[in-house]
Amino acid sequence: MAATIKAGAAEVSAATSGLNPYQGPPVGDNVFAKITQNVSRVMEVPKPPRAWYIAFGIALTLLSIFGACLGWVVWEGIGAWGNMVPVAWAFDITNFVFWVGIGHAGTLISAVLFLLRQNWRTAVNRFAEAMTIFAVACAAIFPGIHIGRPWLPYWMFPIPNQMGMWPQFRSPLEWDVFAVGTYATVSVLFWYMGMIPDFATFRDRSTSTIKRAAYGLVAMGWRGSSRQWHRYERAYLLLAALATPLVLSVHSVVSFDFATAQLPGWHTTIFPPYFVAGAIFGGFAMVLVLAVPARQFFGLKYIITIKHIELMAMVILATGMVVGYAYGMEFFIAWYSGSMYEGFTFQNRAFGPYAWAYWTMIFCNVVSPQIFWWKKMRSSPWVAFIVGVIVNVGMWFERFVIIGTSLARDFLPGSWGYFIPTPVDYLTLGGSFGLFFTLFLLFCRYLPMVAMAEVKSIMPEAHVAHGDHH
Amino acid sequence: MSTDNDKANDTGSAPLHGLLAEYDNPTALVRAAEKVRDAQYEHWDTYTPFPIHGMDPAMGIKPTVLPWIVFWAGLTGCVVGVGFQYWTSVIDYPWVISGKPFWSIAANVPIAFETTVLFSALTTLGAMLALNGLPHPSHPLDLKRRFAKVTDDRFFLLIEARDKKFDATDTRALLESTHPAVLDDVAEDRVTSDKLPTVILGALAVLTTLAILPFALAYKARVSKSDQPRIHLVPNMDNQPHIKAQQESPIFADLRGMRGDVPGTVAQGNLQEDDHLYRGKLEGGAWARTFPKEIAPSEQNMKRGEREFGIFCAPCHGLSGHGDGMIHERAAALGQGTWVQPTNLHQDYLRQQPVGELYNSITHGVRNMPGYGHQVSVEDRWNIILYMRALQRSTAAAPTDVPESERGALK
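So the protein lines, in turn, are chains A and B.
Numbering (my numbering) for the first sequence: 17 to 486.
Numbering (my numbering) for the second sequence: 260 to 670.
Extracted from the complex, chain B is given alone in its bound form (with noise of 0.2 Å):
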C-alpha cells in the first residue's frame, strides 16, 4: 500500500526486504500466523508488544534449547564451587580451624549452590541474548514509522523477501486474506550503517586503556623494588597514635608514653597505710610478732593457709616443710650443683622468728628464694604463715600440748 510514512528518503530504489502486515489485537494476529504457518514459510515472523499466549503453536515454533545450556552451566558453577574450595582449603592453603577437618562438605555447601546459582543466572541471561541475536542494532523494519507502535499496542506480521516461498503477488494475497489493518512494503536498509561510529569506538578504546591502567601500576609495583616508604592511603588511620609500653610519645611534654599516677592520688586498692598488714612491721619499724586483726586464726583461715602453702611452696620445701620438695629432689637427681636446699621451716630459728618477717621473706623474698608477694594475695600471705606455725608446732609439741580429753589416744 502506502510507504508515504518511511523515515529513509532512498528507499524507493532499494530492493524489497519484505512486506509488513499490521493488526488491531492479539487474535487477529494469532489467526494470521496460523495462515502463514500452513503456507510453509521460513523466513518470517511477528511482531508484538507483550508475549501472546498461543503464539508459539500458532507460529510452529519449537521449543529453545535454553534450559539445557542453563542446566550445563549450572552444573559447572556448582564442579567449580566445590572444586574451588576444595583445592584452596584442602591442597593449596591447608588451615587448622579449631582442629575441624580441612574438608567437611556441610561447610561448602552454600557457596557451591550460589556458584550454581550464579553460573545459571549469567548464563540464562547471556544465552537469551545470544540466541535471540541481540543486541541486534539496526533494522529494516525501524524505517517504517508505524513500526514503532510494535512496543505500544499494535501487531505486526513480517514475511521476507528471501524466502523461498515468497512471491509478489502470491504472499501479498496471502496476507490480504488475513484482514490486516495495514499491508506494506519494506525496503532495505540503505541508510543505516551497522558500524559503531568513530566516536564511540575511540572512547571505548580509551576507557579500556583507562581500565587496565590501575593492574598494570599494581603489577608493576609486585615485580619491582622500591626504597621509598610506602604510600600512605590514609595516613590518619595508617598512624595512630598509639603507644607501647616503655615508647617515647609526642603528645606528652615530657615524652614519656607511660604515665605515672598523678600526683596526689592513689589508685584504687592501692593505699597501703597500715604498716602490720601490708609489711608486717610494728611502729618503730620492729618485726611484728602478732597476726594483724585483719586475719583471725579460724579453721577457714588455716584451711586457706594450707591450700595456698600446697600451692606455692611446698613444691620446694615440701608439703611437710622439711625442705625436701619435688624441686629439690629433682635437682639434688640432676646433681645441679648450684642450686641451695630450700629451708627446713623445722628450724629453731624459725619457730622463734616473728610473723612479721616471715612475711617479708615470702614477700619480696629471702636470700636465694624468690618473692611471692606478686602472685599471693596478702591475705594469703599471712594464712600461709598461720599454716606454717601450724606445721611447725607439729613437729615440736609436749604431750601437754595435747588437750586432756584427747591424751588417752597418744599411748
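Okay, chain A solo, but in the shape it has when bound (with noise of 0.2 Å):
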C-alpha cells in the first residue's frame, strides 16, 4: 500500500518534469527494481525525450563535416590544413592529445577509483568509460590523417612486409602505437565486461524479438550465477589493476612524443605528470559535460546525484591546481635553467604572438575551477556543466600552445613563423565533436547508461544483514 503510494508520487512528480516519467527515488520496499526500471526505460521507451533528437540531429550534423573534411584531407592531402614549415605538427597533433587526454577520466574513474574503494563511482562509471572509447577513437582518426598518407597507417604496426622492415622501436612515436592502442583494447574489454550483467538485464526486460535477440547474443547467457560472480569480480578487480598503471602510462607516453624533443618549451621533464593531471582535469570536466545533461533528459536524477557532480568538482578543482602548478613550474624551470631558449620561449609563451591562447588557456584552467571552492557552485549541476565546457576549451588551448607556440619559435629566428587554421583545420576539430556526441548519444539510448549491477551492489538493502537467522 505504502509502495503503491510512493510509486504514484513518483509518478506525478516526474509528469511535471516531462521528460522522463520514470524516473523515482531508489527508496522503499524495491529499490533495485526501481533502479531497473530508472536505467532500463531509457532503452525501452518508443520514443526518447526531444532534447535527445535534437542533440543527435546536431551531432549528425557535425559528423557530415567530419566525414567531409577526411574525405577531402584524404584527396586534397594535408595541405588543406594550415600546417606549415616550422608547425608542422598544428591542429591535428593537438586534436589528438586533446581527445586521448579526455579518454582518462573513464578507466580513472572505473579503475582507480574502484581500486580505492569510492563506491560513488558507480553512478558515472558506465558513462565515463563510453566517454573514454569515443574519445580514443576520435584520437587515433588524427594521427592517421597526419600522417599524410592515410591508406598507409599500417606502416605503424609491426606487419611483417615486402620492404623487410620493422618499425622503430627507440622511437615515442611508436611507443605512442602501443600506449594508444592497448589503452583502447582495454578500455573496451573493460567498458564490455562490466556492461555483460546489465546486457542481461535489457534482455530479460525486452519484449521484441530483435531486441532480445541482440541484447542476448552480448550478455552470453550470463544469467547471474553465483560461481559465475565469484570469477567476474575477480576478473573486474584484475581489470582494474591492471588499467590502473596503463592509464598512467598512457599520458606519459603522449608526453615522450614532445619531451624527448630537443625544442625549448618541450624538452622538460615535469611533462609525464603534468600531462597525466591535465587528462584527469580535462577527462571530468568532460564526465560533467555528459553526465549533467544525462541526467536531466533522462531522469538520472536519483541516480546520479548532487552529491556525485560535487564530488567531481573537487577533483576538477584539485587537478586543476596541479595543472596551474606545472604552469608556474614550467616558468620557474625555465628561468633556474638558465638557458637562453628556454627562458625566451616561455617569455614568448605569455606575452609574443601566441599569448592571447596562453591566457584563454590559463584563465579556463586556473581561475575558472576556483569557483569550485564555493559549497553552493560546487552543487550547482549547471553551474558544474558550464565550467566543465571551459575547462575543456582551456585544455584544448593547453595543448595547442604546448605544440604551436614550441615550434613556432624555436632556437633560429630565421626560421620563425605562425600558424594559422584554414576552414578545414576549424572545421575537422568542431567535426570530430560530432563523431564523439553520435556516438555517445546512441550509447545513452541502447546501452545500459548506468552500471544497475553494481549500483544496486552498493545500496545499504544489498548487504546481508548479520546474526539474525530466521
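Warning: the hint list may mix true and false statements.
Unchecked claim - Derived contacts from chain A toward chain B, CB cut-off under 8 Å, selection only:
id	residue
1	TRP171
2	MET172
3	PRO174
4	PHE185
5	LEU189
6	ALA195
7	VAL202
8	THR217
9	ALA256
10	THR260
11	SER473
In case anyone wonders, no lab produced these hints; they're calculated from the structure.
Each residue gets a CB set at the ideal place from its N, CA and C atoms; glycine is no exception.
Hey, can you piece these two chains together into the complex? The hints should help.
This is the structure:
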C-alpha cells in the first residue's frame, strides 16, 4: 500500500518534469527494481525525449562535416590544413592529445576509484568508460590522417612486409602506437565486461525479438550465477589493477612525444605527471558536460545525484591546481635552467604573438575552477556543466599552446613563423565532436547508461544482515 | 508448487532438471545457501542480480585460479614484448639511429609494458568467460518466466536433480525450511536447440569468405607479376603537379617548368646598376683604376680582405701570393703535366693592372683560373683586392714608403 502511494507520488512529480515519466527515488520496498526501471526505461521507451533528437541531429550534422573534411584531406592531402614549417604539428596533433586526454577520466573513474573503494563511482563509471572509448576513437583518427598518406597507417604496426622493415621501437611515436592501441583495447574490454550483467537485464526485459536476440548475444547467456559472479568480480579487480598503471602510462607516453625532443618548451621532465594531471582534469570536466544533461533528460537524477556532481567538481578543483602548479613550474625551470632558449620560449608564450592563447588557457584552467571553492557552486549542476565546458576549451588550448608556440619560435629567428588555421582545420576539430556525440547519444539510447548491477550492490539493502537467522 | 508460468508447452513430459527456490532479499538467500552448503550438495548454485558479499563463504566457493592464469599471460606478454623488439632491432633489421646502440633497454620499456598489460587484459576477459562456461546460450531456467527477474531484483537458488544427494522429497523439505517466497520444479529444456540456426551459420560462412578475400588478393599481387601500371587509390595525391628543375610542366603555356623573372621586374638584391662596383668598369667601358666609393681602405676592410684571401686565394697563390700554395705544391709533387702554376702576384704587370680588371679576374676567372664570383661577395672581392695591393706593396717598397718616425727601425 505504502509502496503504491510512493510510486504514485513519483509518477506525479515526474509528470511535471515531462521528460522521463518513470523516474523515482530508489527508496522504499523495491529499490532494486526501481533502479532497473530508471535505467532501462531509456532503452525501452518507444521514443527518447525531444532533447535527444535535437542533440542527435546536431551531432549527425557535425559528423557529416567531419566525414567531408576527412575525405577532402585524403583526396587533397594535408595541404588542406594550415600546417607549415616550422609549425608542422598543429591542429592535428593538438586534437589528438586533447581527445586522448579526455579519454583518461573513464578508466580513472572505473579503475583507480574502484581500487580506492570509492563507491560513488558506480553512478558515473559507465558513462565515463563510454566517453573514454569514444574519445579514444576520435583521437585515433588524428595520427591516422596526420601521416599524410592516410591509407598507409598500417606502416605504424609491426606487420611483416615486402620491404623487410620493422617500425623503430626506440621512437616515442612508436611507443604511442602501442600505448594508445593497448589503452583502447583494454578500455573496450573493461567497458564490455562491466556491461555483461546489464545486457542480461536488458535482454530479460526486452519485449521485441530483435532486441532480445541482440542483447542476448552480447550478454552471452549471463544468468547471475554466484559461481560466475565470483570469477567475474575477480576478473574485474584484475582489469582495474591492470588499467590503473596503464592509464598513467598512456599520457606519459604521449608526453614523451614532446619531452624526448630537443625543442625548448618540450624538452622537460615535468611533462609526464603534468600531462596525466591535465588529462584527469579535462576528462572529469567532460564527464560533467555529459552527465549533467544526461541525468536531466533521461531522469537519472536519483542515481547521479548532486553529491556525485560535487565530488567531481572537487576532483576538477584539485587537478586544476596541479595543472596550475605545472604552468608555474615550467616558468621557474625556464629561468632556473639559465638556458636562453628556454627563457625566451616561455616569455614568448605569455607575451608573444600567441599570448591570447596562453591567457585563454590560464583563465579556463586555473581561474575558472576556483569557483568550486564555494559549496553552492559545486552543488549546482549547471554551474558544473559550464565550468566543464570552459575547462575543456582550456585543455584544448593547453595542447595548442605547448605544440603551436614552441614550434613557431624555436632556436633560429630566421625559421620562425606563425600558424594560421584554415577552415578545414576548424571544421575537422568541430566535426570530431560530431563523432563523439553521435556515438555517445547512441550509447545513451541503446546501452545501459548506468552500471545497474554495481549500483544495486552498494545499496544498503544489498548488504547481508548479520547474526539473525530466521 | 505451480508450473503455470512456464514458457514451454511440453514441459510436463520432460524430466526434472532441479528445484528452484526464490527469495525476496540477499539475506534470505545467503542463509539458505549456508544450509544447502552444510547439507553437502555439489550441483547447485545461486542466482542474483548483483554480486552479494558474503556469498562465497556461504556457498563454499573456492578462490578462482584466474589470477594465476593472468599472471602467466602477463609474463608471456612481457617476454614477447622484449623478445620481439630485440629480434627486430638487433637481429632482423639493425638500424643505426644517431649512433645509438641497437639495444638500449630503457627505450624498450614502454612497449614491453604495454604488451604485458595487453596480454594480461585479453587473458583476463577470455579466461573469465572460459572458466564461467560463457557464452552459454540456453539453460532450462530460461523456460521459467519468473526467473527473468534474476537480472532485476529477485534472488534464486537451484539444486540440480543430477546431484547424488538429490531426493525429490528431502531436497524439497530442505528448501522449504529456508522459507523461500516461491519453490518450483524446473524441467529439462526440450524445446530450445543448442545448435546455431542455419541462417546464422550461412551468414558466418559468407562473412568469413569475404574477410579472407582482401588478404588473398594482396597475396596474389605479391607473388605474381603484372605489366599494368600500379593502381592509384587516390590519384590526386599520387600524381601531384609539382615539377623539378628543367622539367616540363603542362600548367604553363610555354611548357617550361622553371619560370624566369616577370618582364620589367628585378628580384630583390639583383638590381646591379653600378658598373664600377659590380663590374669594375668605368662609363666608357675602361677598367676602373680606383676603388668604388662603397669600399673605403679601412683597417677593418683590410683585415677582412686578408681573411678572405687566406680562404679563397692562398690555397693556390700561397699566403704571400708568390704562386706557391699548397695545391700547387701537391700538383708539382705528383708531377701533373697539365697543371699551370698559379700566377705570382708580385709581377709588375699585375702591380700596374687596374683594380677593375683584377675584380673581373676574381669574378669570372682568367684563362686557367676559375671564377669566384658565385662564392665571394661583391664587397669581399674588393676587400681581397685591397689586401692584394698591400701584399704587392710589401715586396716592392722603397725606404721612403716607411713613415719617417719608423725609419730608424730599418737599420
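- [ ] If any of the earlier hints don't hold here, list their numbers in rising order.
- [x] Violated hints: 1, 2, 5, 9, 10; rest satisfied.
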